[in-house]
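Once you've looked at the hints, dock chain B against the given chain A.
Here is what each chain is made of, one letter per residue.
Number of protein chains: 2
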Amino acid sequence: MDYEKSYGRYSEFFEKGLAQLFLTLSDVPEPLLSAMKYSLEAGGKRIRPVLLLSACDIFGGDLQNALPFAVAVELIHTYSLIHDDLPCMDDDDLRRGMPTNHKVFGEGMATLAGDALLNLAYEHILSHIRKNPSEGNLSAALEIAAAAGCLGMVAGQSVDLYSENNPSAGERELEFIHAHKTGKLICASLVAGAYAAGAGEEEIELLRKFGEGLGVLFQITDDILDMVGSYEQLGKSVGKDGKQNKLTYPRLYGLEKSRRMAEEKAEQILEVLSCLQKEAKFLRGTVFKVLNRNK
Amino acid sequence: MDYEKSYGRYSEFFEKGLAQLFLTLSDVPEPLLSAMKYSLEAGGKRIRPVLLLSACDIFGGDLQNALPFAVAVELIHTYSLIHDDLPCMDDDDLRRGMPTNHKVFGEGMATLAGDALLNLAYEHILSHIRKNPSEGNLSAALEIAAAAGCLGMVAGQSVDLYSENNPSAGERELEFIHAHKTGKLICASLVAGAYAAGAGEEEIELLRKFGEGLGVLFQITDDILDMVGSYEQLGKSVGKDGKQNKLTYPRLYGLEKSRRMAEEKAEQILEVLSCLQKEAKFLRGTVFKVLNRNK
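If you read the sequences in order, they're chains A and B. So in the working numbering, the last spot in the first sequence is 351, and the numbers never skip. So in the working numbering, the last spot in the second sequence is 351, and the numbers never skip.
Chain A extracted, bound-state conformation:
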C-alpha cells in the first residue's frame, strides 16, 4: 500500500537523523544517556516527525533541511511522555508494554532525562538554524516552541492535571486539554514542515486548519480505543490513580456520538485538504488511517 510505503520512507529517514544526533552525544554521562535513549527507542510510532516530513514534501521542500525539526518534535513528544508518566503526574508503570522511564532509571533521573530531551530539541534546532538561518526555518522553530510551551502542550497538561480531581470539569476543559496537550504539537509538526519547505502564508493557514482538526480526530479516536480496548490496548499505559476521573470523549458524549464526531471531523479536514490544491495523498491516507483505527 502506498500509504504504508511513504510512512516507512519518512520514518526511516527520521530514524537516521535521530541516530546521527546521538552519535554526537557519546560524552553524555551515564545513566542519563541511557535514560534519554530508552524512551526514544521504546516503540513510538513517530507520527509527529512523519507528518512534519510529509508536509515538507507536499511543498517540494528539502527533507534534509526539515529533518532537524522532525527530530526535535519527537524529542519534545518523548520528554512529555516521560514527565507525564511520573508518579506526581499520571503515575504510569507501563507504556507500550514496557516499564516507564522512572521505573527503570528512578524518578530523579527520569525527570532529568525529560529535561535533557526538551533542551536537546532546541539545541538541535538552533545548531541547524545557525547554519541555515532562512525565514522559513526560523518560523518553523518558533511554531514548534509556541506549540510545546505554556500556551500549548504544557498548558494542556496543566489543565489535565488540575481537572483530574475537579468534579466541575466538563466539555470546555476536555476540549482545551486535547487541543493543547495533543493537538498543538501535531498541528505544529505539519506547519513547521511547510515552513521549512518555504510554503506561503495562505498554504500555511490551510495546513494549520487541517492540523488542528487532525489533532482532534486523533484524540477522539484515541479515547474511543482506550474505552473499547483493542489489541493495541494491551501495550498501552495503565494509570493507577485518577484515570477513572479522566475526561474523555466517550465518557462525556457516549461511544456512538463520539464515533459520529470522529467521522464528521474526518470529512471536514479532508475538505480542507482539497482546498490546498497540492498532491497530499499521504495526509489523506493519514486521515483514513486514524479514523479507521477504531474499527
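Source of the hints: derived by calculation from the structure; they are not laboratory data. Only a predicted model underlies this, so the values are computations on that prediction, with no experimental measurement involved. Check before you lean on any hint, since a few could be wrong.
[Said to hold, decoys possible] Pairs of lysine to any residue residues, derived as SDA-like cross-links and limited to a Cα-Cα distance of at most 25 angstroms, are as follows:
| id | chain 1 | residue 1 | chain 2 | residue 2 |
| --- | --- | --- | --- | --- |
| 1 | B | 159 | A | 220 |
| 2 | A | 265 | B | 81 |
| 3 | B | 187 | A | 191 |
| 4 | A | 187 | B | 261 |
| 5 | A | 345 | A | 319 |
| 6 | B | 187 | A | 258 |
| 7 | A | 93 | B | 202 |
| 8 | A | 72 | A | 62 |
| 9 | A | 187 | B | 186 |
| 10 | A | 187 | B | 254 |
[Claimed, not checked] In silico negatives: residues of chain A with every beta carbon more than 10 angstroms from chain B:
| id | residue |
| --- | --- |
| 11 | 160 |
| 12 | 186 |
| 13 | 261 |
| 14 | 306 |
Just so it is clear, CB atoms sit at the ideal spot from N, CA and C, and this is done for glycine as well.
Chain B alone, transformed into the frame defined by chain A:
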C-alpha cells in the same frame, strides 16, 4: 559604590524585560502561571542575567538586543531550581526562606512549571531571533542551549544525583558536577552577552576562560558558605536526604585549603580579564564580591 550601582542598573533592566514577557502570558491557565511566576519572583539575585548584560556592555553592544537572552538564562536557571528541589531530586522544602515550588503547587504542577519555564526560554529567544537573525544572536542562543543541556547543566545534575549515594565518588566527580551544574550556565551567560554584542572570537575565548573560572569560584565560595554558615544560610534551602553525602570543596579539601583555592582562582581570572584590554570594571568587582562573601 560603583559596583552596586551597575548591578542595580542591570538587574532593573532585566526585571523590566521579564515583566514585559509575562504581559504576553496572561492566557496561561492557572495555577500553571502562578507556579511559573512564584519561583521567578522568589528573590533570586539575577546573577546570570546581570553577567550577560554586563558582558554585552563591555563590547559596546545594544542591551535591548541582549535582553531576551538575559531573560532566557534566568528562566533556565529557575526551572533547574524547581526540578532540583523536587522530592525525587534534592527534596528541599525551603529555598531562600520560602516554601519550594512543589510545597505550594504540588509536585505535578511544579514539574510542569519547570518544563514551561525551560520551553519559554527558547520560545522567547526564537521570537527575538526571528526579528533579529544576526550571526551573533544565533551564536548566543546556541551557547546557552549547549550549556543548559545534556552535555552541560543537566549532565552536572545527573552526576550529582548519581553520586549522592555512591561512596566511590570523589574529586573528579566534584569537579565535573560543579563545572557543569553551575559553571556552564554562568559561563554561557557571559559568552552569550558578548556574542549578542557582536564580539570577535578572540574576545569570546578570553571571556569564556574568565567565565569558566568564575563558575568554579562561585562554587567553592558557595560550598564554604554552606559549611561555615552565615546570615544568608538562614534563608538557604535545607535538604532532607542525601545532603550529608553531597560532595563539596571543604568536605574534600578542608576549609583552609578551599579558601586558598578560591583566592588562587580569583587571581587567575583577574589576570584573564586584564588580557581583554577592555574596561571591565563590573566583572572585576564581581570577582571580589564573590571571593569576599566568605569573609
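Verification of the supplied hints:
| no. | hint | verdict |
| --- | --- | --- |
| 1 | 159(B) with 220(A) | holds, 19 angstroms |
| 2 | 265(A) with 81(B) | holds, 23 angstroms |
| 3 | 187(B) with 191(A) | holds, 9 angstroms |
| 4 | 187(A) with 261(B) | holds, 21 angstroms |
| 5 | 345(A) with 319(A) | holds, 12 angstroms |
| 6 | 187(B) with 258(A) | holds, 21 angstroms |
| 7 | 93(A) with 202(B) | holds, 18 angstroms |
| 8 | 72(A) with 62(A) | holds, 16 angstroms |
| 9 | 187(A) with 186(B) | holds, 14 angstroms |
| 10 | 187(A) with 254(B) | holds, 17 angstroms |
| 11 | 160 | holds, 14 angstroms |
| 12 | 186 | violated, 4 angstroms |
| 13 | 261 | holds, 18 angstroms |
| 14 | 306 | holds, 24 angstroms |
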